[in-house]
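J.: Go ahead and model the full structure; you've got the sequences and the hints to work with.
Each chain, written out:
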Amino acid sequence: MEQSITCINCPVGCRMTVVLSDTGGFESVSGNTCPRGAAYARQECTLPERMVTAVIPVSGSAIPLSVKTSKPVPKDMIPAVMGELSRVCISVPVSLGQVIIPDILHTGSDIVATRSLK
Amino acid sequence: MTERNVDILIVGAGPAGLAAAIAAHEEHVGSVLVIEREKEPGGILRQCIHNGFGLHRFKEELTGPEYAQKDIDRIHELGIPVECSTTVLSVSRDKSVTCVSSENGLQLIHAKAVILAMGCRERPRGALCTPGTRCAGIFSAGTAQRFVNLEGFMPGRRVVILGSGDIGLIMARRMTLQGAKVLACVEIMPYSSGLNRNIVQCLQDYNIPLYLSHTVTDIRGRERLEGITVSRVDDHRKPVPGTEMDFDCDTLLLSCGLIPENELTKGAGIDISAVTSGAVVDDMLQTSIPGIFACGNVLHVHDLVDHVSDESFRAGRAAADYIRTGFVSPEYISVLDGSGVRGTVPQKIRIPADNPVTLSFRPADVFRGSSVVVECGGKELLRKKALIFTPGEMVHIVLQPGLLHDLPSDSIIVRLERN
Chain A
1 MEQSITCINC PVGCRMTVVL SDTGGFESVS GNTCPRGAAY ARQECTLPER
51 MVTAVIPVSG SAIPLSVKTS KPVPKDMIPA VMGELSRVCI SVPVSLGQVI
101 IPDILHTGSD IVATRSLK
Chain B
1 MTERNVDILI VGAGPAGLAA AIAAHEEHVG SVLVIEREKE PGGILRQCIH
51 NGFGLHRFKE ELTGPEYAQK DIDRIHELGI PVECSTTVLS VSRDKSVTCV
101 SSENGLQLIH AKAVILAMGC RERPRGALCT PGTRCAGIFS AGTAQRFVNL
151 EGFMPGRRVV ILGSGDIGLI MARRMTLQGA KVLACVEIMP YSSGLNRNIV
201 QCLQDYNIPL YLSHTVTDIR GRERLEGITV SRVDDHRKPV PGTEMDFDCD
251 TLLLSCGLIP ENELTKGAGI DISAVTSGAV VDDMLQTSIP GIFACGNVLH
301 VHDLVDHVSD ESFRAGRAAA DYIRTGFVSP EYISVLDGSG VRGTVPQKIR
351 IPADNPVTLS FRPADVFRGS SVVVECGGKE LLRKKALIFT PGEMVHIVLQ
401 PGLLHDLPSD SIIVRLERN
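So the sequences go chain by chain: A and B. Residues 1 to 118, numbered by the working numbering, are exactly what the first sequence covers, in order. Residues 1 to 419, numbered by the working numbering, are exactly what the second sequence covers, in order.
It is possible that part of the hints are untrue.
Under the rule of at most 30 Å between Cα atoms (straight-line distance), these lysine-lysine pairs were calculated in the DSSO-like manner [stated by the list, open to error]: (1) Lys75/A x Lys59/B; (2) Lys70/B x Lys71/A; (3) Lys348/B x Lys385/B; (4) Lys71/A x Lys181/B.
Far from chain A by the CB rule (all over 10 Å, computed), these chain B residues [said to hold, decoys possible]: (5) Asn5; (6) Gly105; (7) Arg157; (8) Arg158; (9) Arg197; (10) Asn207; (11) Tyr211; (12) Asp234; (13) Val240; (14) Thr390; (15) Pro408.
Derived by calculation from the structure, the hints in this document are not laboratory data. From the three backbone atoms N, C-alpha and C, an ideal C-beta is built for every residue, glycine too.
T.: Following this line, the structure appears as structure tokens:
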């Protein structure tokens, strides 16, 4: 099975072709001009991951709290992560870096505050 | 009206103003004051909650608020005053700044040096000549970003985005994650000016189609937006009849370019470049009025905040240097845009140069396997090759002072050459 993807590492944006086995395992990549492209292609075609950023309402503050995942989570879990975030209830004060939800959905990634709110 | 004196006054507490204030304070023993019209410092970074900032400067990927906080913490550490909720009304030739706030009323502040760091604003609908009715539901992408990320409400449910700049792409993902349906992103040019990363992670991840060489040719709706028509455009960017597609949407976001916000600059009588829409500056980032400096997006629109900070540190140091030494009336050479190059900053360089000079410009087109060439009177000063140059990515090159001695002409030309 072949899959074509665009590299995101730099503005060149190499169009790469990845060959996958019948079970979805990575076999080879072509079209990349550097090793970073090959690494990205392998990751993206086997276990794509994304950082998630969002805001959540905070009782006692007119400004919502911006948050992020402490490390990338599997791409297909983004909707579930957003769902969890829509159910969280917190109040001021919050400080930058504070863990809001530890190990969200057993991804090993924490939801942390990216600003402070008094 | 109250009157007072400061040494260095900085207009704007976004990333440019904060970096300029830090550098000015570190280089100078006198007073530094930052004026900001919003309620808190940080500028546009406050609403840029996505990550990807700071890779060059801090070697890590930060979100906008985290990046801003690093500079705000440093400002507090140094004890530099930042007056928020205060709007600057005018800057005069003699560096007197008039500003107003609810708390302090009207103030006249006499400064020895002024650094302009007001940033930029988005090109509005009126500047796009888009046909159709004047209904509600049409926002700039940055306005929508402010609503969603800082004020906590959604501006619409079914969304089309016109323009594929990075803010538009980021908002396509943001609106989707918050439950809106983004129907399409429409770009008049045959290429996107956004980063590949954003096209993949903001559009492709959510199956949002990108229509290149297309534009909005009709907007319908009486009170609220009800729908738009999108048409393909030809090589001259004219709509092609018979290619119309209708979209049923309640919201149209515009991401069609940024313009430096130079009303104060113009009011002071400072020379403005027709290409960058920012002030004409020398290699110290000094404008046509001695002692008034400009940096960040008010000078020329950057792609990366890291470069804004870098430029603004230089402006802060230059302002401190100006107060300390006063610049002796210098001799200048001019810097001109050659073929394939637009908006080179600075537009003039003092000679003899004693420090490295950073030249920044935008390619006028996509150039693959090409070189930047800097030349003077037919003599080649520098040549630098790269795999690709694109209009979406500003090019920065450094000229060592040694290159700027014994020049055969009083102007240097920067151009792109296809190999």
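J.: Each hint needs a verdict: does it hold in this structure or not?
T.: Hint check results:
no. : hint                : result
1   : Lys75/A x Lys59/B   : holds, 24 Å
2   : Lys70/B x Lys71/A   : holds, 20 Å
3   : Lys348/B x Lys385/B : holds, 24 Å
4   : Lys71/A x Lys181/B  : holds, 27 Å
5   : Asn5                : holds, 33 Å
6   : Gly105              : holds, 25 Å
7   : Arg157              : holds, 16 Å
8   : Arg158              : holds, 19 Å
9   : Arg197              : violated, 4 Å
10  : Asn207              : holds, 13 Å
11  : Tyr211              : holds, 17 Å
12  : Asp234              : holds, 25 Å
13  : Val240              : holds, 27 Å
14  : Thr390              : violated, 5 Å
15  : Pro408              : holds, 34 Å
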